[in-house]
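Novice: Protein chains in written order, with the numbering used here: chain G, 1 to 340; chain F, 1001 to 1241.
What the hints contain is simulated information worked out from the structure, not anything from laboratory work.
Keep in mind that this is a model prediction, so the values were computed, not measured.
Treat the hints with care, as some may be off.
A few chain F residues that don't get close to chain G, going by computed Cβ distances all over 12 angstroms [claimed, not checked]:
1) Glu1154
2) Gln1217
3) Lys1222
Per label pair, the in silico range of CB-to-CB distance [said to hold, decoys possible]:
4) F:Ile1087 <-> G:Asp74: 52 to 58 angstroms
5) G:Gly135 <-> F:Tyr1030: 50 to 56 angstroms
6) F:Val1071 <-> G:Val25: 55 to 61 angstroms
7) F:Arg1130 <-> G:Asp12: 27 to 33 angstroms
8) F:Ile1042 <-> G:Asp12: 47 to 53 angstroms
9) F:Pro1062 <-> G:Thr65: 23 to 29 angstroms
10) F:Asn1070 <-> G:Gln137: 29 to 35 angstroms
11) F:Val1071 <-> G:Asp164: 43 to 49 angstroms
12) G:Asp164 <-> F:Pro1062: 35 to 41 angstroms
13) G:Ala77 <-> F:Met1144: 21 to 27 angstroms
Think of the CB as a built atom: it goes at the ideal place given N, C-alpha and C, for glycine as much as any other residue.
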Amino acid sequence: MSSEKPIIELRDVGKTFQSADGELVALEGVNIGIDEGDIFGVIGMSGAGKSTLVRCINLLERPTTGSVIFDGQDLTAMTPAELRASRREISMIFQQFNLLMQRTCLKNICFPMEIAGVKSEDAKKRAMELLEIVGLQDKANAYPAQLSGGQKQRIAIARALASDPKVLMCDEATSALDPTTTRSILALIKDINDRLGITAIIITHEMAVIEEICSHVAILDGGRVAEIGRVEDIFSNPQTEAARKLVYPDGMPVSFLKSERVVRIAFNGGSSYEPLIASLAIDCGVKVNILGADTRNVGGKAFGTMLIGLPNDPDEAEKAVAYICRQRDVTCEEVEYSHD
Amino acid sequence: MTEFFQSELWQEAVKIFEAELISDIWQTIYSTVLSTLFAYIIGLPLGVLLVAGEEDGVMPIPRWLMNALNVVINILRSVPFLILMIIALPLSRFIVGSGIGTPAMIPPLIIAAFPFIARLVESSLRETDRGVIEAAQSMGATPMQIIRKVMLPEAMPSLISGAALAFATIMGYGAMAGIIGGRGLGFLAINYGLYRKIWIVKWAAVILLVVLVQIFQSAGTKLAVKSDKRITQITKRRKTR
Ligand SMILES: Nc1ncnc2c1ncn2[C@@H]1O[C@H](COP(=O)(O)OP(=O)(O)O)[C@@H](O)[C@H]1O
Ligand SMILES: [Mg+2]
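Between the sequences and the hints, there should be enough to build the whole structure, so can you do that?
Specialist: Structure (structure tokens):
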């Protein structure tokens, strides 16, 4: 549910850390607009500056240059008190959960309301509702140490929602969890986005997380935005080296079979690749070698590329290329391919 | 055996016990509690400041002030208590109007204990997870809210064991103050045991001091473990042993 109105805008944001052995440029010239209601992913290798980026959004880290516009207001120009008020509308969850270990789950969820001056009974009532949203009503009086990782993150999410935020930022929120738990937490975030219309910013180094729930993505590389756009567009056709590395982490696998001509087929969201190769054999009687494939399923659609070695017979090769190019949601190009 | 109980030494010891023992135990506890209390009133905020006031703390204070604070604390920490007590006697005279007796020993005890307590509090607070503080900041908590609702409560078990240690240490210092006539078990040991060579009184006082320290120390540890919600029941049982 996107209403196409930017809730967060980063304008030329840069962050340079001063350390003992010189300066470290963590972010440089970052321009990102995040529309209200989106689930916006930020992906990059470790050290790319992802955490610095989110921390710059709520000014836990003050950007060295540029400005951060939240809901039409420049956070970098605010007084400390104004900033604290705005921070209540930008909640954050963390990889390490960061729950208060000496408080019960209920009291943890009450915390943001407590510091905002909400009456204790009202806060408790709201906290119970939030516990229900995250499905942990029975853990109200448990302490965080008694919970599993996934449950801790659910409590953290409930706590993050307690201040009725407009934005929920998740910094590697699922990186400490197993795949099944990761799924359920991502589903919860998606559900919250759907039901409450809260904009979500998902920081991750895992492609799978972006695939699972994000509508838009920014690829961060060495503190700069390498690519930004709709997830489908970026995935089907990665333009930069950084993007390709993330989309195909293992590189393009290569077989030993020799071919005269090699084409790369890009799948832009059609059905999966197996039927294509099969129908190529059936319809044209042409057999091709799959030299390498890296396709993935995003929301039931195939994305990715495949390298195909064409038959040595020139006529058959032409027939195959023509056939492939006729298919929908597929682009194909001939590529240089070394034979050793 | 009966010979021993009829001996002049024993008779004298009993007389001393009857006259002073209860009062001396009481004086020991009372002066220790009072000194610990006042030392915390000064030491606790200082300990908080040592952590929160750092450059990347929640309430940064000027660098020179932080340095000055550290220097003062280190100097006071390095002066042996006996010397500190003698130096502080004029102050006692000024504050409590006398340089001898139990009240006179309280100001030097406070001066000796608060830097120690500041360091104890500092190290307890440093255990608090930075991430939790950051989470509170991201929710828009003020620095004071973070100190009161995050740093101190999260460090509570550690602060409690620190307090037990401080209490035991101050009780030990207090015994030394028997030299300037501060009443208590230390006075009993020094005055009758050392000066008048009634060894029974000396050892009785020493044993009682050890027992008192033991009681408070283990009560403190128990309380600390009981208050800690990070650990499970099983590890708790192991820890209190
Ligand atoms: N407080 C800091 N002081 C100095 N350097 C930092 C600080 N925080 C992050 N960095 C550096 O900035 C770069 C980006 O870090 P980070 O944003 O944590 O990356 P990511 O979250 O993508 O792994 C890293 O090189 C890191 O060492
Ligand atoms: Mg990070």
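Novice: Output the indices of the hints that this structure fails to meet, ascending.
Specialist: Those not satisfied are hints 1, 6 and 10.
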